[in-house]
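Whole structure, please, built from the sequences with the hints as guidance.
Chains as they are written, first to last, in our numbering: chain A, 19 to 414; chain B, 1367 to 1658.
One thing to keep in mind: the hints can contain errors.
Here are some chain B residues pointing at chain A (derived, C-beta under 7 Å) [to be verified]:
(1) 1459
(2) 1466
(3) 1629
What the simulated footprint calls covered on chain A by chain B, stretch by stretch (three residues with Cβ under 8 Å from a Cβ of chain B suffice, anywhere in the stretch; the number is not a length) [to be verified]:
(4) 87 to 95
(5) 130 to 142
(6) 148 to 157
(7) 285 to 293
(8) 341 to 351
The hints are simulated quantities; they were obtained by calculation from the structure and are not laboratory data. A virtual CB, placed ideally from N, CA and C, is assigned to each residue, including glycine.
Spelled out from the first residue to the last, the chains are:
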Amino acid sequence: MAAAAARTARLRTALSEVTLLRHLVGAALGLLLVVLVLSAVDDFRRVQLAEMAYLGIAAGGLTVLTGLNGQLSLGHGALMAFGAYTTALLLPDRDGVPLVVVLLAAVAVTVVVGALVGVAAARLHGPYLAGATLALAVAVPGIALYFKETLGGEQGLRIIVPEAPTWADDATFFVTGQDLTPRGWIAFVAWLTLVVTYFLLANLSRSRVGRRWRAVRDDEVAAQLAGIDLARSRVSAFMVSAAAAGAAGAVLAIAVRLAAPSSFTLNLSLTLLAAVVLGGLGSLTGALTGAALLTFLPQVVTDLGREAGLDDIAAAELAPLVYGVVMVLVILLAPAGLFGTAHRAVVTRRTRRALAARAADGRASTGAPTDGSAGPTDSDPATRDSTTTTREGAQP
Amino acid sequence: MQQLLNTALGGLTLGAVYAAFALALVLIWRSTRVVNFAQAPMAMVTTFIALVVIDAGYSYWLGFAAALVSGLLLGALLERLVVRHVDGKAEINAVILTLGLFIVLHSLAAVVFGNEYRSFPAPFGIRGFEVGDRTIALTGFGVFTLVAVLVVMGLLVLLFRFTDLGLKMRASAFNAEVARLLGVQVGRMKTLGWALASLVGSLAGLLIAGGSLVHPGYMDSIVVYGFVAAVLGGLDSPAGAVVGGLVLGLSLSFVSGYVGSQLVALAALLILMLVLMLKPGGLFSSTTARRV
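Now the structure itself:
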């Protein structure tokens, strides 16, 4: 009995202290949840979930760039276009390249573009960076229109997604007892990409690289004094973020079976920004929450609008209105984002309770009030946890 | 030769509009140190207001005036109710806030005015003047555009140079604390700055809309060109914004005429990057170091 308790306690410490282990367990659980959910829902929901996945992947990349490194990019929609068009060029017919290779190629191309943009962006601040990336978002669709022969112009390029491999078919039947539909396969690929991306991003942001990004964000001069190369740190953040955008673009292209300029408008970039702001800058969970909101909110709001007597076109515009208003309110009232604010409230309450308990313990054992000395110390896991999370949550 | 002349004339007219829009951005930057990305949808909303007035049977000029007045009010309201509250926070907050306003105004207009293309009248001819037996690309409305922008720039220079009000606005933008100590009502000056900027932005919206189609998204790319023009001029000087706008209009017109209209935005991006890399303070900056 005692041995079992000790074992669970040891496991719990290992989980809270070994980041890689924690993230691996998280990723495995996430993947399990994905399989369960995807096998429980119908094809329509699977399409929606695939949409949520690519928004989530791109938002995850953007939240790392904006939340952890302090660079605002309005050009992530354009970066997604590079990933999508790479995918389209590699998948022109059924016996094309394997999907893994396609995804990696899309990521590689976008990283190169991201490095170019990042080198320029590393020298810019605040509104200048926003304006430059805004120009990128507006300029990139024009490239596809100009090179009509190779990139398909206004119509874009059609994509033929390779069929699910037999092992996936068999595994699906073995686990869920259903046949694997093409939409289910695409949704699975999308979510697998999301889990892998988030796992890598989470590890990276907890590592030395991530600490450097945060240091550059918080105080350039101090970071430079500590020996951090500002430009290199900024460019690396941009490249990592672009990689996520490239993967997102590839998933988008596979999910909608088309790479066309109309998918990569300024609106897409603004939507991504809305997702990370709503969820809370710098938090991957926040980015995923934001992506979920942006995927499922429109339908609800549109239905409400239609019931209120608006015509279809006007009702379809209600969703951006709602998330725009929420975005403004979040910036004004809760800059940590919806998820970040809720998370912080929980952590604050937990910390307060832990402190109160400790103060009570102290009084009981020494018989003297120890309130003055029982402040947060570094060795207290509860307070340490809360300070790190608040520091992250308190971004921008 | 004729194509060259026509491209140049078209570029000049277009440049005047970019200049007006850049002026609006510069005004807000001067008064609150915010680049107002919501300027484009603000101008779009006021243009739609003008269209509603005109469609109701009133004259073009009544619609024109209605747009300018509503622009003035909209700018003041947004500054007072929304933007004021991010004053003193991280600069990224202000940028995100104006982008949020961008989304809100955009979809609000689509809900209220409809998400479709509607034609907007022009008060002057939109056919080119005839010189000899040739038609050149300068229209009556184009001349009006140029004159309107130059007049507005002149009025702004008069305001900032020669009136007490302009001096107070400059003082509160330059150093809010000291201005406040000297009795300037800084908050009011900022509201006024936004109101004026929004008025100039509305003018830009009307000038672009004249004789063509309007749509909730018709100003979206203009915010990019206006920003590039403003950065060309240094983001701080009204005269620079006008020159920047004209230079940009000419360059983009040549790109559009000789390379391909699809690459216009890309050309604007390249110009922006060149300016920011080589002369981050704008074309007319002295050599003082400045962080961008």
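Hints and how they fare:
1. 1459: 6 Å, holds
2. 1466: Hint on residue 1466 of chain B: holds, closest Cβ of chain A at ~4 Å, below 7 Å.
3. 1629: 5 Å, holds
4. 87 to 95: holds (count 3)
5. 130 to 142: holds (count 3)
6. 148 to 157: That given contact holds, which follows from 8 residues of the stretch 148 to 157 of chain A lying within Cβ reach (below 8 Å) of chain B.
7. 285 to 293: Check passed, 3 qualifying residues.
8. 341 to 351: holds (count 7)
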